[in-house]
Each structure stands twice: as C-alpha cells, then as structure tokens.
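The listed protein sequences derive, respectively, from chains H and D. Residues in the first sequence are numbered from 6 upward in steps of one, following the numbering used here. Residues in the second sequence are numbered from 2 upward in steps of one, following the numbering used here.
It is worth saying that the hints were derived from the structure and are not from the lab. Beta carbons are placed, not taken as given, at the ideal position from N, Cα and C, and that holds for glycine. Keep in mind that a hint or two might mislead.
As the list claims (entries may be wrong) - No farther apart than 27 Å at their CA atoms in a straight line, the calculated lysine-lysine pairs in the DSS-like style are these:
| no. | chain 1 | residue 1 | chain 2 | residue 2 |
| --- | --- | --- | --- | --- |
| 1 | H | Lys39 | D | Lys75 |
| 2 | H | Lys39 | H | Lys11 |
| 3 | H | Lys11 | H | Lys49 |
| 4 | H | Lys49 | H | Lys7 |
| 5 | H | Lys39 | H | Lys7 |
| 6 | H | Lys7 | D | Lys75 |
| 7 | H | Lys49 | D | Lys75 |
| 8 | D | Lys75 | H | Lys11 |
| 9 | H | Lys49 | H | Lys39 |
Claimed, not checked - In silico contact screen, one side only, chain D against chain H (beta carbon under 7 Å); selected entries:
| no. | residue |
| --- | --- |
| 10 | Asp76 |
| 11 | Glu77 |
| 12 | Phe78 |
| 13 | Gln79 |
| 14 | Tyr138 |
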Amino acid sequence: MKNRLKVLRDWSQADLAARLEVSRQSVNAIETGKYDPSLPLAFKLARLFESTIEEIFTDEN
Amino acid sequence: MESRISSPARNRAEDRVLFIVIPLFVLDAILGIWGFHYHHLHPTGLFAYLCAFIATLPCFAYILVYGLYLAEEKDEFQHWLTVQSMLWGIGVTLSVTTFWGMLEKYDPTVSRMDISSVQFLFLCVAAVSLLVYRWRYR
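Chain H on its own, in the form it takes in the complex (with noise of 0.2 Å):
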C-alpha cells in the first residue's frame, strides 16, 4: 500500500514514533511500504496529521 508519511511528516521517523508510540523500525516499514499497519493504527496516523485514512494511504490497486 503507497502512503504518503514521507510527504506529510515534518519530524524524523524518531519522533513520529514516539508520538505513535511504536518502535522508529515500525514507521520506516510502514513508511517504505513494507509493512501494513493495522486499522486502530492508521486512525492514529489519521488523527496525527488532522486528515483521512485514505488522504495518508492510498490502495495500489
């Protein structure tokens, strides 16, 4: 699944896992499209940026 995590954040992978409060190795994978997150967990990046699920992560399908 494409994301755009890179584009939206304004803080290291470091920090943006601490606010998720996930390890930096959870959000480089789920940065570089390697990893899923779970739904609770895109809510979370969802409410982190102010904006949609679907505004992060987009089906490649």
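With chain H's structure known, arrange chain D on it following the hints.
Using the frame of chain H, we list chain D on its own:
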C-alpha cells in the same frame, strides 16, 4: 525527543528471562552436575518423571515468557516480526525433524536425534530469523 521507544513488553520479557529463565537454567545445570556427575543417579519410575520435569522447567518458562511477550506487545510491527520469526522456527524445526525421522527409518545406522534438542533448534532458528528481520527492517 527520544529516538527509540523502549517497549514495556520487551523490557518485561527481558526481565523475566534474566530473573526467571536463566536462574532456572543455572539451577538445572547445578542439579544435573550434582546428581548425575557426582552421585551417578540413575532415576527410574516416578523419580525419572520428576527429573525430566525439573530439567524441562526452564524451557516451559521460556515458552511462557515468549507467549506473555506476544500477548503484551502493543507495537504491532514488533509483534508481527516476532510471529514471523516463530513461524520460521516452527517451519525449519518441523522440516528438519521430519527429514531426520525419515532418515532414521530408512538408514538405521544414522545417529538418533535427541528429542530434547528440538526446542533448542526452534529457539535458534527463531532467534536468527528475528535478527535477520530486524536487520532487514532496520
């Protein structure tokens, strides 16, 4: 801001390994040396079952720590990595033991696999695959 959040679940798991699993392994080793090396015990019957249970306690404890970690880990990606590494451990262990079992069946001259080493094989494969995953997603 801190660069890495220390996972409370991981910290608890590490504490459990350090203060429960490792002391149990040490106690097992001491009991084993004391009983079998110095006193040449040859347990039979119920005592043999008791010895086997005591010898397996650290392994039970390790499995329990592994399970508790999976239940408590809130970071879903770390949880996923651990599950993936365990799947590698299960897959390789089942493949190797099945292959060796067949080999023992067809070639009686081949040395028999010690069943108690199966968990060690699983833990080694799971640990190595976890390291590979962590390196891959560093």
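Going back to the hint list, which numbers does this structure go against?
Checked against the structure, no hint fails, so every one of them is satisfied.
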